[in-house]
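Turn these sequences into a full structure, and let the hints steer you where they fit.
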Amino acid sequence: MIRSHNEIATMATKAARGAGAPLGHAEDFGPVVAYLAAHDAEGLSCLQAALGANIRQLDQQNTGNGMVMNAAQAVIAAPIAIDMVKAGANTVQLRDIDAPALVSAYCRLAGGVTCKIEDDYCTIWEFLAALAAKTYVPATEESRLAGAGAGLTDND
Amino acid sequence: MTCNDLSRHIADDWAWACEIDFAAKQNCAQFWYVSEEKALSAELDGAKGNVAQFLASHPHHRSAVRRVQTLARHAYAEIRDNLIGDACLPIDMLRCKLAFFGAAKFDPKSDRWTRITLAQGAPLFDELDNADNWWLPTFAA
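Chains A and B supply the protein sequences, listed in that same order.
The first sequence begins at 1 in the working numbering and counts up by one.
The second sequence begins at 1 in the working numbering and counts up by one.
Source of the hints: derived by calculation from the structure; they are not laboratory data.
It is possible that part of the hints are untrue.
No more than 30 angstroms apart at the CA atoms, straight line, and that leaves these computed lysine-lysine pairs for BS3-like [said to hold, decoys possible]:
| # | chain 1 | residue 1 | chain 2 | residue 2 |
| --- | --- | --- | --- | --- |
| 1 | B | Lys97 | A | Lys134 |
| 2 | B | Lys25 | A | Lys134 |
| 3 | B | Lys48 | A | Lys86 |
Everything numeric in this text was worked out from a predicted model, so none of it was measured.
Right under this line is the structure:
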């Protein structure tokens with residue numbers, strides 16, 4: 001099955017949302033996964049590490065001219081790290097990152113941000129689809145009667 | 001962008017959203033979209049520094065902030081209406097969006113969906129060599 005950039009980005013956005021990522025972080029995640037699919041397909045193997053655990057509050061400390069994030073989850077930490085660098089921070093350190101390949105892709109897509117991976121222990125369509133399914137609202141008799149597309153077949 | 005700038009954009013562009021009483025049933029009668037604007041305004045009160053720092057502490061506001069920053073640059077980026085209010089008719093937005101795609105012959109089936117015709121009059125594969133002036137042709141009634 002060949003999937004378009006747009007299909008991959010949309011599925012990945014919904015998967016991140018289904019995994020519990022804040023909406024804005026899910027919106028950032030989708031295009032990064034599509035970028036990985038196009039440029040570093042091997043990097044896709046880290047998606048399970050990125051979305052498989054519960055999304056946690058960012059554990060961050062400001063440093064002199066930067067920030068340190070502990071037990072960093074890429075889907076949360078990477079966009080924030082890029083924000084900080086673009087807003088003038090010198091260095092943002094992501095410790096024990098769950099998906100280094102993903103962080104690297106975030107940085108390449110953002111442009112103007114240098115990403116240096118010091119340790120790489122990055123420990124998927126069905127996986128993404130199962131998470132995306134968590135964002136869907138189940139149909140009910142009421143929705144079938146009153147929702148979009150209700151009441152008529154498309155073949156009248 | 002500073003937090004002060006973000007507050008100013010919310011005040012300038014989103015006053016209509018901040019004034020809606022979301023505790024009133026008629027203003028959240030529909031389920032398809034959750035407005036975060038009100039909560040954002042409250043947590044932004046007193047915030048100092050830049051928006052990157054604010055979002056590091058409040059990642060759940062990232063999407064709403066993106067919308068505020070986008071609308072500040074692109075006046076038509078948002079439908080400025082309460083999309084979950086009971087007076088909202090999805091068909092109005094559908095018609096607008098579909099019109100951009102070149103849809104015609106709108107045939108609404110309810111206030112939630114419509115039958116349309118796309119690309120009527122467009123050339124078929126074997127007609128592409130002689131396909132001038134087909135876009136949005138005049139339809140017979």
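Hints, one by one, checked against the model:
1. Annotation: proposed proximity of B/Lys97 to A/Lys134 holds, straight-line Cα distance about 27 angstroms (limit 30 angstroms).
2. Between the alpha carbons of B/Lys25 and A/Lys134 the distance comes to roughly 26 angstroms, so the proposed pair stays at or under 30 angstroms and holds.
3. For the given pair, B/Lys48 sits about 17 angstroms from A/Lys86 by alpha-carbon distance, which is consistent with the 30 angstroms threshold.
In summary, the structure agrees with every hint in the numbered list given earlier.
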